[in-house]
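Make a model of the complete structure from these sequences and hints.
2 protein chains.
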Amino acid sequence: MKELPIGFIDSGFGGLTVLKQSLKQLPNESSIYLGDSARAPYGVRSVDEIRRFIWQMTNFLREKGIKMLVIACNTGAAAALDEIRASLAIPVVGVIHAGSRAAILTTENNKVGIIGTPATINSDSYARIIHEKNAQLQVFSKACPDFVPIVEENQMVQPETMNTVANYLAPLKNAGVDTLVLGCTHYPHLRPQIQEFMGPEVELIDSGVETINEVSALLDYFNLSRSAEDAQKMPPTHTYYTTGSGAKFARFAQMWLGQPDLYVQECKIKGEIIHEASHR
Amino acid sequence: MKELPIGFIDSGFGGLTVLKQSLKQLPNESSIYLGDSARAPYGVRSVDEIRRFIWQMTNFLREKGIKMLVIACNTGAAAALDEIRASLAIPVVGVIHAGSRAAILTTENNKVGIIGTPATINSDSYARIIHEKNAQLQVFSKACPDFVPIVEENQMVQPETMNTVANYLAPLKNAGVDTLVLGCTHYPHLRPQIQEFMGPEVELIDSGVETINEVSALLDYFNLSRSAEDAQKMPPTHTYYTTGSGAKFARFAQMWLGQPDLYVQECKIKGEIIHEASHR
Numbered sequence: 000m001k002e003l004p005i006g007f008i009d010s011g012f013g014g015l016t017v018l019k020q021s022l023k024q025l026p027n028e029s030s031i032y033l034g035d036s037a038r039a040p041y042g043v044r045s046v047d048e049i050r051r052f053i054w055q056m057t058n059f060l061r062e063k064g065i066k067m068l069v070i071a072c073n074t075g076a077a078a079a080l081d082e083i084r085a086s087l088a089i090p091v092v093g094v095i096h097a098g099s100r101a102a103i104l105t106t107e108n109n110k111v112g113i114i115g116t117p118a119t120i121n122s123d124s125y126a127r128i129i130h131e132k133n134a135q136l137q138v139f140s141k142a143c144p145d146f147v148p149i150v151e152e153n154q155m156v157q158p159e160t161m162n163t164v165a166n167y168l169a170p171l172k173n174a175g176v177d178t179l180v181l182g183c184t185h186y187p188h189l190r191p192q193i194q195e196f197m198g199p200e201v202e203l204i205d206s207g208v209e210t211i212n213e214v215s216a217l218l219d220y221f222n223l224s225r226s227a228e229d230a231q232k233m234p235p236t237h238t239y240y241t242t243g244s245g246a247k248f249a250r251f252a253q254m255w256l257g258q259p260d261l262y263v264q265e266c267k268i269k270g271e272i273i274h275e276a277s278h279r
Numbered sequence: 000m001k002e003l004p005i006g007f008i009d010s011g012f013g014g015l016t017v018l019k020q021s022l023k024q025l026p027n028e029s030s031i032y033l034g035d036s037a038r039a040p041y042g043v044r045s046v047d048e049i050r051r052f053i054w055q056m057t058n059f060l061r062e063k064g065i066k067m068l069v070i071a072c073n074t075g076a077a078a079a080l081d082e083i084r085a086s087l088a089i090p091v092v093g094v095i096h097a098g099s100r101a102a103i104l105t106t107e108n109n110k111v112g113i114i115g116t117p118a119t120i121n122s123d124s125y126a127r128i129i130h131e132k133n134a135q136l137q138v139f140s141k142a143c144p145d146f147v148p149i150v151e152e153n154q155m156v157q158p159e160t161m162n163t164v165a166n167y168l169a170p171l172k173n174a175g176v177d178t179l180v181l182g183c184t185h186y187p188h189l190r191p192q193i194q195e196f197m198g199p200e201v202e203l204i205d206s207g208v209e210t211i212n213e214v215s216a217l218l219d220y221f222n223l224s225r226s227a228e229d230a231q232k233m234p235p236t237h238t239y240y241t242t243g244s245g246a247k248f249a250r251f252a253q254m255w256l257g258q259p260d261l262y263v264q265e266c267k268i269k270g271e272i273i274h275e276a277s278h279r
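For the record, the sequence lines run as chains E and V. Heads up: the first sequence at position 88 corresponds to 87 in numbering that gives the first Met the number 0, and the numbers run straight through without jumps. Heads up: the second sequence at position 67 corresponds to 66 in numbering that gives the first Met the number 0, and the numbers run straight through without jumps.
No copy labels: a pair is met if it fits in one copy or bridges any two.
Listed below are the simulated DSS-like cross-link pairs for lysine-lysine, each with C-alpha atoms no more than 25 Å apart in a straight line:
| id | residue 1 | residue 2 |
| --- | --- | --- |
| 1 | K19 | K110 |
| 2 | K66 | K267 |
| 3 | K23 | K63 |
| 4 | K110 | K23 |
| 5 | K247 | K23 |
| 6 | K247 | K63 |
| 7 | K19 | K247 |
| 8 | K269 | K63 |
In case anyone wonders, no lab produced these hints; they're calculated from the structure. Computed from a prediction, not measured in an experiment: that's the story for all the values here.
Right under this line is the structure:
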């Protein structure tokens, strides 16, 4: 069991920021990543549809064999974490609880900002979880639909991007939040721009970093961690799948993870089932 | 089950820094704290003796009824966490794994310092856990036996304290660590002095903060969290026990937790069993 990889699912590339944290914090662990780029972005889809897609990806990874599942997608975790966790025998982790906990821990003025896709913000998941834990906190949420395309088109340093950032974040800055949760796995790529606009005194929470912290705690808790000695005997492997273009996914993954020789396998979706494409 | 308190055990007052984080991060949760001040400090005792004392305290809290146990004492966790966790049906959390994970996450130059009591440092628990997870990290450990008495005697701002701090920490500073784990729950009280000597660029890890983050994750994971609504219906309670002087314990707890009206019940140790003292 311990030797199995950790599974990561995401609507596309965004979850690679979470995987990157896993490579850093958990260097002995193998991973298997599936990005549903053919149907991304999820942020504008209905909850029912998102839930169906998350189940399809979960089933694909279960067949491959995983010891833990990370829903490395805020939109997907908001829609489906509870039911996937209730159904699977292995631990299932989403990005929203970890980000919410970090926000509660970090804020000193009890004013927290949340940014995410429209689906994540409409689900109200962050605010609900934060308020369940601490009803005193004020939560200010803002959907930032243009941030994902900006990141996917690598427009982070274009001058007009700073205007987009300022337009979205001005209400949160005016509200005086001292903590801002990057509630979408794409947003860490915009961290410098967001930090510049919000000012150095605002703490940015990267839900991906916090999620891997939780994964690490659960691996320890369930005695599922691979040790450095295990990794020396059998080096960890990292496998990438996408429902979209393998070449495009590989370009992103190579750049974001800094791994030039990474290979991505394509998958096909037939009915409700995701299959590995036999050859490319 | 959800309504039960979280149990905290410690050799004395030190674990109150962990409890304080719980009050901050988990304001809806009840707690029950037992400090073994009659037999503190543990840091200079044998592992077998520490293990026995931890079991006695665990049994005392189990009888009271708890939903989770926190060994809020590095020395105690190093000696007994694994066997207590293996024996209890409820989740058991120590302070060492959480601090180790935070160090791995924080360091950028792969040089980590650990300070703690002689028993914690001799157990090599931090270095072992860190190396299991990442064999590349260099770990520099230093026992600081005088820090606990300095804190318990409230000598933090005495001029000679800075000399003691400098004497202990010079080897770690010279080794160039960029991350220093406060591997004893008393040490956060010396944080300003330690930060001043190490310099602002060194990150100090408070194992207590990280531990409550893990507690929070496990409460979520096992669906054991009390919500703000639960807390409104039945406000959380906080109960304090000590094997030593209730009056002395109350003074410390009132000061450290900022709660002037806190009441502490005394316990007696008879044979291998800790009993609540009938009256005081």
